[in-house]
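Student: Using the sequences and the hints, build the whole thing.
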Amino acid sequence: MDNLSVSQLAAGLNDGEFSSVELTRHFLQRIQSHTELNAFITQMDEHAIMQARRADKLIKERKHGPLTGIPLAHKDIFCMDGTKTSCGSRMLENFVAPYNATVVDKLEQAGCVVLGKTNMDEFAMGSSNENSYFGPVKNPWNTDHVPGGSSGGSAAAVAARLVPLATGTDTGGSIRQPAAFCGITGLKPTYGRVSRYGMIAYASSLDQAGPLAKSAYDCAYLMQAMAGFDERDSTCMDEPVPAYTQVLDLPLHDKVIGIPDEYFGEGLDSGVREVITQAIAWAEDQGCIIKPIRLPNTELAIPAYYVIATAECSSNLSRFDGIRYGHRCQDPEDLHDLYRRSRSEGFGMEVKRRIMVGTYALSKGYYDAYYLKAQQVRRLISADFEKAFQTVDFILGPTSPGPAFRIGEKTNDPVTMYLSDIYTISVNLAGVPAVSIPCGMCEGLPVGMQLIGDYLTEDKLLNFAHQYQLATDWHLQSPPRYSK
Amino acid sequence: MTRWEAVIGLEIHVQLATQSKIFSAASTAFGAEPNTQACAVDLGLPGVLPVLNHEAVRMAVMFGLATDAAIAQRSIFARKNYFYPDLPKGYQISQYELPIVEGGQLEIALQDKGHKVIGITRAHLEEDAGKSLHEEFDDLTGVDLNRAGTPLIEIVSEPDMRSAKEAIAYMKKIHSIVRYLGISDGNMQEGSFRCDANVSVRQAGQETLGTRTETKNLNSFRFVERAIDFEIDRQIAVLEDGGEIVQETRLYDASKGITRPMRSKEHANDYRYFPDPDLLPVVIEPEMIEAIRQQLPELPSEKASRFCKQYGLDTHDAENLSISREVGEYFERTVQDTDAEAKQVANWIVGELTGALNQDNIDITESPVSSSMLACLLDRIEDGTISGKIAKDVFRLMWMGEGDADQIIESQGLTQITDGSEIEKLVDQVLQDNPAQVEQFRSGKDKVFGFFVGQVMKLSKGKANPKQVNSLLRQKLQ
Amino acid sequence: MSISLEEVLQISYLARLHVDEEQAVQYAADLSKILAWVQQMNQVDTRDIVPMAHPLDVIQPLREDKVTETDQREKFQAIAPRTDRGLYLVPKVIE
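As they're listed, the protein sequences go chains A, B and C. For the first sequence, position 458 matches number 460 in my numbering, and the numbering has no gaps at all. For the second sequence, position 86 matches number 701 in my numbering, and the numbering has no gaps at all. For the third sequence, position 83 matches number 137 in my numbering, and the numbering has no gaps at all.
Read the hints as simulated data drawn from the structure, not as lab findings. Note that CB positions come from ideal geometry on N, CA and C, so glycine has one too. There may be inaccurate statements among the hints.
[What the hints assert, rightly or not] To give an idea of the chain B side of the interface with chain A (calculated C-beta under 8 Å), a few residues:
no., residue
1, A655
2, L660
3, P661
4, G662
5, L664
6, P665
7, V666
8, L667
9, R694
10, F698
11, P700
12, P703
13, Y706
14, F889
15, P892
16, L894
Tutor: And the structure:
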């Protein structure tokens, strides 16, 4: 069962080969026996079995959809009614959400069975999953290495075949980079394609939810159920959702693929470069036209991102004040003490650092030099993409400059850590979609290629990824320790 | 001695009369049990998002149009960041750089009968905070978030006012406009209409402004007036003592009638405004503005000038009758129902009725004397059933709930005596009883005539028709 | 770009984070480094560039003015650290 695709699982359920309850028990068992990865914060056995029973009933009555009865894990950033939603933080260690995120609602309606909530960098701030209050997640390919972040728990769980599908969120690469590090497929949709309601905000103008799965085909199924307008999110697009699984077989012939100079610069690992070069050659073989392009402001994307993201987070995280929910310090002396101690005890180091940077960037006298400047740079970066997409269909490059690094390797230097997001961050600033696809190995660790598209071209990105996965088997490889 | 001039600007917060909150679908109704009208969005639960209420936008536009302001085609919501227990998200969603309404004005009547134009800098949409209750617990403050998220417009005036009286006139005018437009109930006790006053003083003739203070927590016209007067006197005293005014936020203490500086560390605040990334630019198309303009009701100044023209009223009466939509409607209903002249109707409403309403501190909509009752009363004067003097008594009885004019006139036997022979009897009686005065009159002391009239009226208990009494007395005394 | 200890303390006050002296020194160093690095944005001339607050060039949707939320106080206050008689409690606030 571990390696079955969504359509194979659905067929199995449909033909009565196994029931959703059996499927659910199987994966719950796997999660239970692989706690060393620390991929989950909460496992939801009882709830999952209940949902699976309901799914089996629907399947029996032939009232099911393509995802009915399929197990899934949610990143612990999505509020789920009656379930602990920690966001990887001590602040919300005991927070039982009183409502459902729209994504959670939609996937429940689609009939998915939620096995648990996955580990993540605290409040989605991190690129390695080392910033979780609940401890770091291990990369199933090599447990000395990080799985990437911030959706590291989701990526590790899918890679280790603990669950077939998982949700994630991506603010600066938090779906794509862990997908690349763990050898799976992850899609960051266009900003506004998936509702943010009930997804705990890190940086509101950059955050976007998306699917993580073994293959592009599976991502298409999950994306189908996640996407769409939500009247509870003002920034959610009211645009029709295409049938993602219906367009996966289109030919790639004559597609123009832009290769940005800036994505193959100094910082790129030579092993990664080699793997990506092979992927480009494959595309050319398919009749794609390869075209060198420039994205001149790429380097400035990281500082602009850090100013915008920290500014927004400094404000978004003000609601955690120890009054209505979340951590509250013992015996506060006065109101100021209540705020200050509850927040200092509740937030981890990196979160506090970003709140401090963001507060500074917005403060009197510095706003123009930091926040406004960053927004102007953001415009330039967005314009780079706009210009590029006038002549190309896709932009292709590595997802990350190197494969998964060692746990602890970059924790002492925040700036070095930030630099590892160089290829993913501009995509969030512009709001365009991108997918990370496993395309080879380097030092025994997976490498991902990133394919970036213009606004609302998720269908085209998945089409490309699927065609690539028909021709290659990188996405079928699983970490040796976690394969039978 | 230095002559001082006060410079006053007001920031008025008006709660909009929407059904639901500005960014959530929770009710805005006043007076519910604590926190029963605070939904996930109002509580600022992790992950929730705001969605703007159409009606709040429409109401803000109405206000802008009613004050000849420019409506921004594109306005932006910003976050004002600060920590306070009744501010659940740690920021207030407000408007900063691009407010929805900019550059309006209105005219106030001055006491010496002149007029003055007061500029409105801007009016922006924002959410109200919850309420902190300090009295309920000993060492604790209770927080009720029912009010959190109620839509407000904050109306910022230019520093155009020079006395507390002018400030009150401006505030009353704004109050009247928002109630006319039906965009707020204007209820000050419930906090639907609140005011912060910026006050500074400078030497007369000086161009630059003095250092100002901002006094918060003003929820009645009287408090605003007292707080401003107190602040002006305080600042003058400080300056005359050679001191300096500290730019600060002060609170008005109604029980002591003074203002005092806030104790919290307001000075260290830096609101770090930035565009709210959860909300997009609000775009108001010219067609929408036009549609709203078409629906605007008649405004106080328009109504007043129509009353002058249509009913021949003087400006003073017309303005008094336009003070609220309800008073204007009462007036026009009464005019329609009575044969009396509009001027007469106006006198009664501005005089007797307003006096009685003020005395009992009730609104015209709660008046025990309805417009049709007043119309009937005026008809009885008009058709000579009672005199104007008796009518005042009848009015008081109607006010006390003794019935309508006809019932009271009937039961109290107040019908005017118009029967000539009956009046003649009374006249004869009076002349007979007062021979000395008759003598005086005949010897040329004309003034005694009034005495006879008075005596006849007294004898008739006020019911004799004064005209007839007059002419009969003249006849008999000649 | 160097951030003083006073600035660190003012920021920590605004952010309501407790920072002791030792941490303040560390923050001053960290923040100075991060902000110096951020200033590479100044390499590019952004005069006349309209700041971009949002990835999408779309406008705010408006919600119909209808009350659809119901009272969920009990559920919401079940997760609150301290309440009494329906109120959230905090240490006494002095205005």
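Student: Please flag the earlier hints that this structure goes against, numbers listed from lowest up.
Tutor: When the structure is compared with the hints, none of them turns out to be violated.
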